[in-house]
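Chain residues, written in single-letter form:
Protein chains: 2
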Amino acid sequence: MDEINLFQKKMQDNDLDAYIIPTSDYHMSEYVSDFFKSRAYLSGFTGSAGTLVVTKEKAYLWTDGRYFIQAAMQIEGKPIELMKMGQPDVPTINEFLAEYFNKEENNNLGFDGKVMSTSDVLKLKEKLPSKVKFVTNIDLVNLLWSNRPDLPWSLIYKLSRYFSGKNYSDKIKSVRAYLEENKLDYLVLSSLEDQAWLYNLRANDVNHTPVFLAFSVITAQNVILFTDNKKVDLTVEKYLNENEITLKEYNEIYDYLRTIKEKKVQINFNKANYELYNALVGRDNVIINEEDPTLLMKAIKNPTEIKNIKTAHERDAVAMVKFMYYLKTNFGKTEMTEISLSDYLEKLRRKNKGFVDLSFNTICAFNDHGAMMHYSATKETDAKIEKGGFLLVDSGGHYMEGTTDITRTFALGKITDKMKTHFTTVLKSVIALDQAVFMKGCSGLNLDILARGPIWRLGLDYKCGTGHGVGYLLSVHEAPNGFRWKVVPERNDSHELVPGMVTTDEPGIYLENKYGIRTENELLCIEKESNEWGTFYGFETITYCPIDLDAIKATMLSKEEKEWLNDYHQKVYDIVSPSLTPEEQEWLKEYTKKI
Amino acid sequence: MDEINLFQKKMQDNDLDAYIIPTSDYHMSEYVSDFFKSRAYLSGFTGSAGTLVVTKEKAYLWTDGRYFIQAAMQIEGKPIELMKMGQPDVPTINEFLAEYFNKEENNNLGFDGKVMSTSDVLKLKEKLPSKVKFVTNIDLVNLLWSNRPDLPWSLIYKLSRYFSGKNYSDKIKSVRAYLEENKLDYLVLSSLEDQAWLYNLRANDVNHTPVFLAFSVITAQNVILFTDNKKVDLTVEKYLNENEITLKEYNEIYDYLRTIKEKKVQINFNKANYELYNALVGRDNVIINEEDPTLLMKAIKNPTEIKNIKTAHERDAVAMVKFMYYLKTNFGKTEMTEISLSDYLEKLRRKNKGFVDLSFNTICAFNDHGAMMHYSATKETDAKIEKGGFLLVDSGGHYMEGTTDITRTFALGKITDKMKTHFTTVLKSVIALDQAVFMKGCSGLNLDILARGPIWRLGLDYKCGTGHGVGYLLSVHEAPNGFRWKVVPERNDSHELVPGMVTTDEPGIYLENKYGIRTENELLCIEKESNEWGTFYGFETITYCPIDLDAIKATMLSKEEKEWLNDYHQKVYDIVSPSLTPEEQEWLKEYTKKI
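Sequence order for the protein chains is A and B. Position 18, counted from 1, in the first sequence is what the numbering used here calls 7; the numbers after and before it change by one each time, with no gaps. Position 190, counted from 1, in the second sequence is what the numbering used here calls 179; the numbers after and before it change by one each time, with no gaps.
Simulated from the structure, these hints should not be mistaken for lab results. Do not take every clue at face value.
Because identical chains share one entry, a pair is satisfied inside a single copy or across any pair of copies.
Distance condition first, Cα-Cα at most 27 Å in a straight line; then the derived BS3-like pairs of lysine-lysine [stated by the list, open to error]:
1. K551 <-> K409
2. K73 <-> K429
3. K373 <-> K407
4. K407 <-> K517
5. K92 <-> K250
6. K368 <-> K317
7. K340 <-> K73
8. K160 <-> K253
9. K299 <-> K542
10. K503 <-> K147
11. K45 <-> K67
12. K112 <-> K368
13. K475 <-> K227
14. K517 <-> K417
15. K452 <-> K517
16. K172 <-> K114
17. K583 <-> K548
18. K583 <-> K(-2)
19. K160 <-> K336
20. K417 <-> K429
21. K417 <-> K551
22. K548 <-> K409
23. K409 <-> K517
24. K296 <-> K429
25. K517 <-> K503
26. K548 <-> K340
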């Protein structure tokens, strides 16, 4: 019997007409650990995004364009219908459920409220007939899943002031000032990154994100950290005691929230799972749905963090330059594949002082693979780097000194004039945004056209933002800053830019079945000038790696653009060359020469 | 006895504790006719913006930075306190009234609900204690104002299809489709421009805006036009009859609205005066506050309008070029002042075929006067154009073929290198926006930085939008399109750009006590390309007048910018020269030569 049929029996036992299995952990994290891969377990579909809805009659899998082919293959032969998101005539999940529950015989909807955000559930409630009963305090998959992995476990460690730049005691003061200003009795935090930032603690619970599963409840008097106590060793326990942080077990949060009554409680509906919200309602609490105050505090890096981040980028640059040297000098001589090159680059990074982890799975994509924005090489797809073309490498590292994210596209062998035109256009885009001067108050929405303009002028576009915020030894994708021309509410990245924010600048050109070009630097927002007209901001580039001169058409660059590139390359040489061998130095000289 | 004291007696007679006198007509128009200048009558302050609040004890005049000096002079000796808007410690009118009505003895607030927008009154109601009684069906100033001017009167005339490009019957079909789509029983229109557009009718009720005071009520079956019937001659009456438009007297709208009950009625709270709203509430009507559907329809010019607008600009260009010739060849020889030059330019415009009126009062501002963005020369300030410097001329005309708005800044005599740098920077800004290519869905918010960027880079800014929509023989400032980097709700100019919209491109540099530079062209939004990436839009420049080569530093321009300027000047020459004398032609050749 198929898992779906077994699952439908469990639904029947629980008197449920439909059941939703999304892809999320209890914190709405970007990446989830194996414990949370219920949808993959039940459907067989292993992609990073997808939602399974099982009804009494059938099962439906929603996923997006990246995964149509993979999903179809993985669910073949199962009683699951693929729902291609965004295709005409394909309803959204909420639309589908609304129709399903319009039928008289359907009344009970189930899902694990801990893996659905409060805002998603409230939206769904609005959409469904009022007769529908929501059963949310169950995890039905768990009843079937005999060899389910454990919840992630890793030891929590402390980030010293040398790395964090700001003690917990100062951070909690700012948070409490927010509570006071907004007359809040309680603040409930769900975001793993925000809590790691607040406590200056890190761990390794989530792939490529050095955080630990936890919730926090903060009042004017108390701070309670709900996390698996086994993750807390004596050093951290002492640190928590010294800072008057009460430790409770991870799952106690729900019962704890049920003790709160007639209070003003802030909780971010986009981050808080529905069971947290559920635990607060019904006792005359005033529940405020607002952005966590820690989000902005965390995004504005302090001077120590900024100094450290630059150090991390300098070390990361050495790995990148050595990689580029290896690639350029071995192309056509040594056998290389996308995976072997990813591994080679990872080894170089791991040698760097302070290295903790890759900040995400390296994207190493040759020619047509580069046109797939989320390509990840597998044994089956692993391309040999033999003939010429573009190799796109998007990678980064977590260091004790911060997190990096860099993309370079390398020309190998002979490339066409058109490829050079496209590469140089992307460079023009990178420079235009990098060089922006703008007034306090601007957000990425105002600036995006600087990068996108040169590419739009060619009648091309890239179907993603131009850049995202980057955490400090935290998530490589961090709100609330970013570059994008339209507001995308779930991205929450249109906050005005503030000095201390770090954002990537990564325009690109992606031609299906041909190649992808992306050049990505990180930009630190800085103040340029303050005068009678107001305050002007700009950026400082903090990523240091050559932009492949083999692919640049100098005639397309203005005097100012050439100056930018020459200055940039000089800086790359100055920073990186001391860590190179004489051969590498000589090679780098050539790849950073003035044009 | 002062008018204020007499007014306070009238207030006492009516048992009012405070009374508000704003600057508006019954339609929230940008310009108002003399009948509506109650605030000027009572306070003596004649500026274009200001609100008088009279309490039992005292009177207070709010106005903005443009008018601090003038207002102080004009109210001197009167029992009126000047409230400088935006200055620290100066409350807003609503804050002031909230405090005033917090006092136990103050309970009754009066104003003429016909000159306050519904949204302003509703906001005020929210702010004031619930005990406050609003008396809004009176015009207390009228009781004192013995020689009050009449309501404006002008004859309504019809715009033939040759000019409008679209018959009323087609326009009303689109409006009714909107009613149906939104399940509306009634649409109430207050905007004078929208009604003039809908009916293809024009008049001359408002200074420089060819409209007539009117309200409209539209249903699936009926269209009722409320306007002074004396404005309607036999031709127009016949036209109204033919089109089944019922004519009623202007003031009957209020009683008419009071007959509507249990209906769904759309009315734009920002445009509709409070008495209109008042007439609708209380009989179980569902009142929908939305933008008038006519706003967007009117902003997207049809092919005939576009053709005509270009014709209007071509004629306007002849006046501008002849003016520039006169200015450049007579400077230092003939006595010229700001006013004499404005008059000279107006005479040239009036000679043009199809000319109806100036589209606004010409701004002709020499040197330091040019730094004041809303400068209007008076006998007292009228500067002689003798020594060198910048003369900023912002002007435009209403033609049967459309409305123009153009600014040129002319260099006279010797100007400094810095002045040339500033002038050339403004030109770079104009070109950058003009040359934008952008995806369907972009609004002015996305594009503004293209114009503002080069000026921000100098550490300068202009404290206004970069551009505004322009009507067709209607208001020279037309929503909902514009260029601006921040949303300003009351401007309502952040709609996505759509082919057919006309928007000005007018960045500037304004240095107090020194000079002002503004170069303003009008841009027609056009489709550039539609392909697998989406639809791309851009602009076509429709203003034709040389940009003063005497002030341009060619070394600051890129190859592409020079090309743009040379192509533009060639086009100006080709369009204008056939209408010039041989001397003027020879001169224009020089001022449109390649650089």
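Results of checking the hints against the structure:
For the homomeric pair K551 and K409, the shortest alpha-carbon distances inside one copy (16 Å) and between copies (25 Å) are both at most 27 Å. Proximity of K73 to K429 under the C-alpha cut-off of 27 Å is restricted to the inter-copy arrangement: shortest distance 25 Å between copies versus 42 Å within a copy. In this assembly of identical chains, the alpha carbons of K373 and K407 lie at most 27 Å apart only when taken from the same copy (23 Å versus 58 Å across copies). In this assembly of identical chains, the alpha carbons of K407 and K517 lie at most 27 Å apart only when taken from different copies (21 Å versus 37 Å within one copy).
Taking the shortest Cα distances, K92 and K250 never come within 27 Å of each other, neither inside one copy (38 Å) nor across copies (36 Å). Taking the shortest alpha-carbon separations for K368 and K317, only the intra-copy value of 24 Å comes in at or below 27 Å, while the best inter-copy value is 75 Å. Taking the shortest alpha-carbon separations for K340 and K73, neither the intra-copy value of 43 Å nor the inter-copy value of 64 Å comes in at or below 27 Å. Taking the shortest alpha-carbon separations for K160 and K253, only the intra-copy value of 22 Å comes in at or below 27 Å, while the best inter-copy value is 52 Å.
Taking CA atoms no more than 27 Å apart as the test, K299 paired with K542 passes in neither setting, with 30 Å inside one copy and 40 Å between copies. In this assembly of identical chains, K503 and K147 lie within 27 Å of each other by CA distance neither inside one copy nor across copies; the values are 46 Å within and 59 Å between. In this assembly of identical chains, K45 and K67 lie within 27 Å of each other by CA distance solely inside one copy; the values are 15 Å within and 81 Å between copies. Within a single copy, K112 and K368 get their C-alpha atoms no closer than 41 Å, and across copies no closer than 64 Å, so neither meets the 27 Å cut-off.
Taking the shortest Cα distances, K475 and K227 never come within 27 Å of each other, neither inside one copy (47 Å) nor across copies (49 Å). Both within a single protomer and between protomers do K517 and K417 lie at most 27 Å apart by alpha-carbon distance, with minima of 22 Å and 21 Å respectively. In the homo-oligomer, the alpha carbons of K452 and K517 lie at most 27 Å apart only across protomers (19 Å), although the nearest pairing inside one protomer, at 31 Å, exceeds that limit. For the homomeric pair K172 and K114, the shortest alpha-carbon distance between copies (25 Å) is at most 27 Å, but the shortest distance inside one copy (29 Å) is not.
When the C-alpha separation of K583 and K548 is checked against a cutoff of 27 Å, the pair qualifies both within a copy, at 12 Å, and between copies, at 21 Å. Taking the closest pair of Cα atoms, K583 and K(-2) never come within 27 Å of each other, the shortest separation being 70 Å inside a single copy and 82 Å across copies. In this homomeric assembly, K160 and K336 never come within 27 Å of each other (Cα to Cα): the closest approach is 36 Å inside a single copy and 69 Å across copies. Within a single copy, K417 and K429 get their C-alpha atoms as close as 24 Å, and across copies as close as 22 Å, so both meet the 27 Å cut-off.
Proximity of K417 to K551 under the C-alpha cut-off of 27 Å is found in both arrangements, the shortest distances being 10 Å within a copy and 19 Å between copies. Within a single copy, K548 and K409 get their C-alpha atoms as close as 18 Å, and across copies as close as 21 Å, so both meet the 27 Å cut-off. In this assembly of identical chains, the alpha carbons of K409 and K517 lie at most 27 Å apart only when taken from different copies (24 Å versus 33 Å within one copy). In this assembly of identical chains, the alpha carbons of K296 and K429 lie at most 27 Å apart only when taken from the same copy (23 Å versus 41 Å across copies).
For a Cα distance limit of 27 Å, the shortest separation of K517 from K503 across copies, 25 Å, qualifies, whereas the shortest one inside one copy, 41 Å, does not. In the homo-oligomer, the alpha carbons of K548 and K340 never lie at most 27 Å apart, since the shortest distance is 39 Å inside one protomer and 47 Å across protomers.
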